[in-house]
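Undergrad: Each chain is listed here by its residues.
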Amino acid sequence: MTAFQAIFEHPSVLLMLLIGSVLLYLGIRKKYEPLLLVPIAFGIILANLPGGQMGVVPGESIELGKEHFMNLFEIAHKFGIMNFLYYALIKTGLLPPLIFMGVGALTDFGPMLRNLRLAFFGAAAQIGIFTVFLAAIALGFTPREAGSLGIIGGADGPTAIYTTIKLAPHLLGPIAIAAYSYMSLVPVIIPMVVRGLVSKNELKINMKEQDKLFPPKHKIKNLKLVKILFPISMIIVIAILVPTATPLLGMLFFGNLVKEIGSTVGRLTDAATTTIMNSATIFLGLTVGATMTAKVFLEPKTLGIIVGGFLAFAISIAGGIVAVKVYNVFSKKKINPLVGATGLSAVPMASRVANEIALKHDSGNHILQYCMASNISGVIGSAVAAGVLMTFLA
Amino acid sequence: MSEEYALALKLLGVGMITVFLILLLVVVFGNVIIRLVNKYFPEAEKVLPTDTGKGINRKKLAAITAAVNMATRGKGKITNIEKL
Chain A
1 MTAFQAIFEH
11 PSVLLMLLIG
21 SVLLYLGIRK
31 KYEPLLLVPI
41 AFGIILANLP
51 GGQMGVVPGE
61 SIELGKEHFM
71 NLFEIAHKFG
81 IMNFLYYALI
91 KTGLLPPLIF
101 MGVGALTDFG
111 PMLRNLRLAF
121 FGAAAQIGIF
131 TVFLAAIALG
141 FTPREAGSLG
151 IIGGADGPTA
161 IYTTIKLAPH
171 LLGPIAIAAY
181 SYMSLVPVII
191 PMVVRGLVSK
201 NELKINMKEQ
211 DKLFPPKHKI
221 KNLKLVKILF
231 PISMIIVIAI
241 LVPTATPLLG
251 MLFFGNLVKE
261 IGSTVGRLTD
271 AATTTIMNSA
281 TIFLGLTVGA
291 TMTAKVFLEP
301 KTLGIIVGGF
311 LAFAISIAGG
321 IVAVKVYNVF
331 SKKKINPLVG
341 ATGLSAVPMA
351 SRVANEIALK
361 HDSGNHILQY
371 CMASNISGVI
381 GSAVAAGVLM
391 TFLA
Chain B
1 MSEEYALALK
11 LLGVGMITVF
21 LILLLVVVFG
31 NVIIRLVNKY
41 FPEAEKVLPT
51 DTGKGINRKK
61 LAAITAAVNM
71 ATRGKGKITN
81 IEKL
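If you read the protein sequences in the order shown, they are chains A and B.
Mapped onto the working numbering, the consecutive letters of the first sequence carry residue numbers 1 to 394.
Mapped onto the working numbering, the consecutive letters of the second sequence carry residue numbers 1 to 84.
So the derived label-pair ranges between C-beta atoms look like this:
no., chain 1, residue 1, chain 2, residue 2, range
1, B, A63, A, R29, 31 to 39 Å
2, A, V307, B, V28, 36 to 44 Å
3, B, V14, A, I232, 24 to 32 Å
Here are the simulated DSBU-like pairs of lysine-lysine, each with C-alpha atoms no more than 35 Å apart in a straight line:
no., chain 1, residue 1, chain 2, residue 2
4, A, K334, B, K60
5, A, K204, B, K60
6, A, K212, B, K59
7, A, K334, B, K59
8, B, K10, A, K91
9, A, K224, A, K332
10, A, K332, A, K212
11, B, K60, A, K217
12, A, K208, B, K77
13, A, K224, B, K60
14, A, K360, A, K325
What the hints contain is simulated information worked out from the structure, not anything from laboratory work.
Quick caveat, the model's predicted, so the values are computed rather than measured.
Glycine is no exception: its CB is placed at the ideal position from the N, C-alpha and C atoms.
All chains should be modelled from the sequences, with the hints used to inform the complete structure.
TA: Set out below in structure tokens:
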């Protein structure tokens, strides 16, 4: 039995196969976030091959009654292994926190601890999330859908996926694609927003010279111990204030803690950053791609998500820049607005891009470590913003 | 619809205030931890020679030490540096 008849009956699957192939091309050839885009694109192709039973079915299909669902064996038997993976790993919200654990184990909070006041710009850069949330409601999205759309502005893939699983799982595919596509386009979007908002003189503000003119009050005398105490104390404080952010930030800080402890738990760090993170990435990508069947993806809302996601991203970058400009009005110690532009997540690509822009205007102006400070605080900021959205909307 | 706008505006305010508050706490707690550690658990500063006498200056020595620490996860110890 071949699938020709199904293709003739539903030719839209051909368009989805084409979309999957284009995304594969972007991932393989153009290297746009290939670690995620390749599994997502392949998942799209698998999901749209008629008769393959690899497309994820909507939640109603596995519902047996009020809050009563099929078990995983029944799901695998009736809808195939991709649905088994999706409902076991994604719908439960398991994989994004696991990826966050790996991210934590790869993150160095050192630059942020050395420049703590720059963490505020990671807060300012979350404005895109809430602005687009408002705009999306005006465009007819439900509040839950609008929340999932807005979170793209946090520029954090796992956070966007986790929030969407909780708020609008039917939009998971398009939102994941939009989030990761725009993250890969950070080298294009940041310079575009910076050109519109920042003058050449501002781009020449040399952070190291400013540090010499106005040296920091406290030099850290035992960085290793500070780095160990920081994740432990922060997760307790954040979890008390925004409990819904705990799964993501808890795993982020745990991953970071094992990294900072060092060689005694080196095997845990290795597992978090390699085996677990890579496995989670594969299954996350494939299953998210498999949610993008023709019926779900070829909807007007997908276009709204693509446009809205871009706006959320751009407004977040602009929010960080404007915050720095306001700060500079009141402070003697000036900050390069590029530091604000990196207040969204997308670590470390946003910082690298900002550093390159600064070096173009002044070859001695290395601002990478300052950008990393606001960039890393942006990871915390976007997870907190996601927690707020989930608290009010889930 | 107006209810949804009200919710959106409320979330805009509450969300941004919460994010700023949390990052304010990051700054405050970070500073408290740094001060406490500086006061009670300061690490003795490592004094590096300005020149090792073998043509390797302080900055290069620091870079080599950092690389060895990273590669050996802090277990390695530099006993001798020779130019090849």
